[in-house]
Amino acid sequence: MTAPPAAPARRRAAASTLWWLTPPLLVLVTAVAYPLVDALDVEPPPPGPLPPLGHAVLVALQAVALLPRRTHPVAALVAVVVLDAVLLGTSGGQLGLGSLAVVVATYVVARRARGAGVGTARWVLGAAVVVTSVVGGVAYLAVGGPLLEVALLVPGRAALQYGLPVVVAERQRARERLVQLERERAEAAERERRDRAQRELQAGRTALARELHDIAGHHLSGIVVSAQAASALMRSDPERAREVLAGLQDDARTALADLRRTVGLLRSDDDGPDGGPGAPGRTPSLAAVAALVEEARARGQRVEHAETGGARPLSPLAETAAYRMVQESLANSARHAPGAACAVGVEHAPDAVRVTVTNGPAAVAPVDHGGGQGYGLAGMAERAALVGARLVTGPQPDGGWRNELVVPVTERSTPT
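Residue 347 in our numbering sits at position 273 of the sequence shown, and the numbers go up by one each step.
Hints listed in this document are in silico derivations from the structure and should not be mistaken for laboratory results.
Computed from a predicted model, the values in this text were never measured in an experiment.
Wrong hints could be hidden among the right ones.
Said to hold, decoys possible - Label pairs and their computed distance ranges (CB to CB):
hint, residue 1, residue 2, range
1, Glu-378, Asp-311, 18 to 26 Å
2, Gly-191, Arg-245, 47 to 55 Å
3, Ala-263, Gly-200, 36 to 44 Å
4, Pro-390, Arg-257, 42 to 50 Å
5, Leu-460, Arg-86, 51 to 59 Å
6, Arg-245, Gly-128, 33 to 41 Å
7, Pro-82, Arg-259, 36 to 44 Å
8, Pro-469, Ala-263, 32 to 40 Å
9, Glu-264, Pro-390, 30 to 38 Å
10, Ala-436, Ala-263, 49 to 57 Å
11, Asp-311, Asp-472, 28 to 36 Å
12, Gly-191, Thr-280, 50 to 58 Å
13, Glu-264, Glu-368, 51 to 59 Å
We put the beta carbon where it would ideally sit given N, CA and C, even for glycine.
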């Protein structure tokens, strides 16, 4: 049978109450026991005007003064120090019954002082040391106590009543600060871990969205254009319509193969048929740009292709950036400028590779295919930044569009 949920809270409250009552009860026990012990003692009581019962009453008042020490620690300390001074003054500086209450009150003040209260606590503790030392020392000298004993007794009593509890309280505060610091460090490390995981997740999502957009956007745009062309040719040129539909099927198969390759890359980091370089589908590279142009022509786009200079290998990221730029540019041309003439140029210079795709104004009004989210140009820019390339995109004076990617031949863009 399990305890109800409120049971631990009740136990903690009971333990806290017991801990709060224990010091005053100990002081009260001292007050009650002192007259009994004094009655059995054969030695004379300390000199002074108060009998043992009067001293017991003063100690009992100290126990009462300790009760509000949690809410009013400084006031509790002042009260017990005043009562201790009375005890010392009325016992020739020889009675140490009030020391226990002073130790408890001093510990609480040193333990709970925070912020501006630290200065107040120091002043009060300093004044308490002076009061008890002066009163105790003078009272002891007044009853004929040796000066050497006073010189030893007063500092010893101050160290016991004030120094020891302050040291214990400071050690406890230092331990709590250390625990708090460790907790904050652990929380900061956990936040950093969550933030890093979130950044990695977001980066993965962005890369996936960019890759899927590049693949699906290109092929689906071609499929839409081919479907429109086939629909228009059904009656006037059925044979040509069948050829366009066959090309549409090829586009769909290629898109499916590319998507499977992308999913394979996500599922496995290993090379081979499960998703590595050996996976089905064309690897994005400048060498595959010619195939992109042929696919666009097969869909009915008018595309010129020119490549100059001696080809040189680039890093996989740079090859992918150039390939995807051409792919996205041709898809955008088919989508936003149907019937426009396009030109794809690849120039291999000693210090850079320049890839340009331009298209003229639309020959017919573009059809709104829906779903455009602007991933294309953003994906181009992200890929260019990864390899230190420069991307320039914008409209042309004749109403067309031009995309230019300049990949510098540096360590970031060439194989290592």
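Consistency of the hints with the structure:
1. A C-beta distance of roughly 25 Å is found between Glu-378 and Asp-311, which places it inside the suggested range of 18 to 26 Å.
2. The supplied range of 47 to 55 Å is broken by Gly-191 and Arg-245, whose beta-carbon atoms lie about 19 Å from each other.
3. Separation of Ala-263 from Gly-200 is about 42 Å and conforms to the stated range, judged on CB atoms against 36 to 44 Å.
4. Checking the proposed 42 to 50 Å range against Pro-390 and Arg-257 shows it holds: the Cβ atoms sit about 45 Å from each other.
5. The hint said 51 to 59 Å for the Cβ distance between Leu-460 and Arg-86, and at roughly 56 Å that hint holds.
6. For the pair Arg-245 and Gly-128, the beta carbons lie near 37 Å from each other, so the given range of 33 to 41 Å is met.
7. As the Cβ distance of Pro-82 to Arg-259 is approximately 28 Å, the hint placing it in 36 to 44 Å is violated.
8. The hint said 32 to 40 Å for the Cβ distance between Pro-469 and Ala-263, and at roughly 50 Å that hint is violated.
9. Taking the beta carbon of each, Glu-264 and Pro-390 are about 35 Å apart, inside 30 to 38 Å as hinted.
10. Between Ala-436 and Ala-263 the C-beta distance comes to about 56 Å, which sits within the given range of 49 to 57 Å.
11. The supplied range of 28 to 36 Å is met by Asp-311 and Asp-472, whose beta-carbon atoms lie about 30 Å from each other.
12. In this structure, Gly-191 and Thr-280 meet the distance hint of 50 to 58 Å, their C-beta atoms being roughly 52 Å apart.
13. Checked against the hint of 51 to 59 Å, the pair Glu-264 and Glu-368 passes, with Cβ atoms roughly 54 Å apart.
Hint compliance for this structure: hints 2, 7, 8 are not met, and every other hint is.
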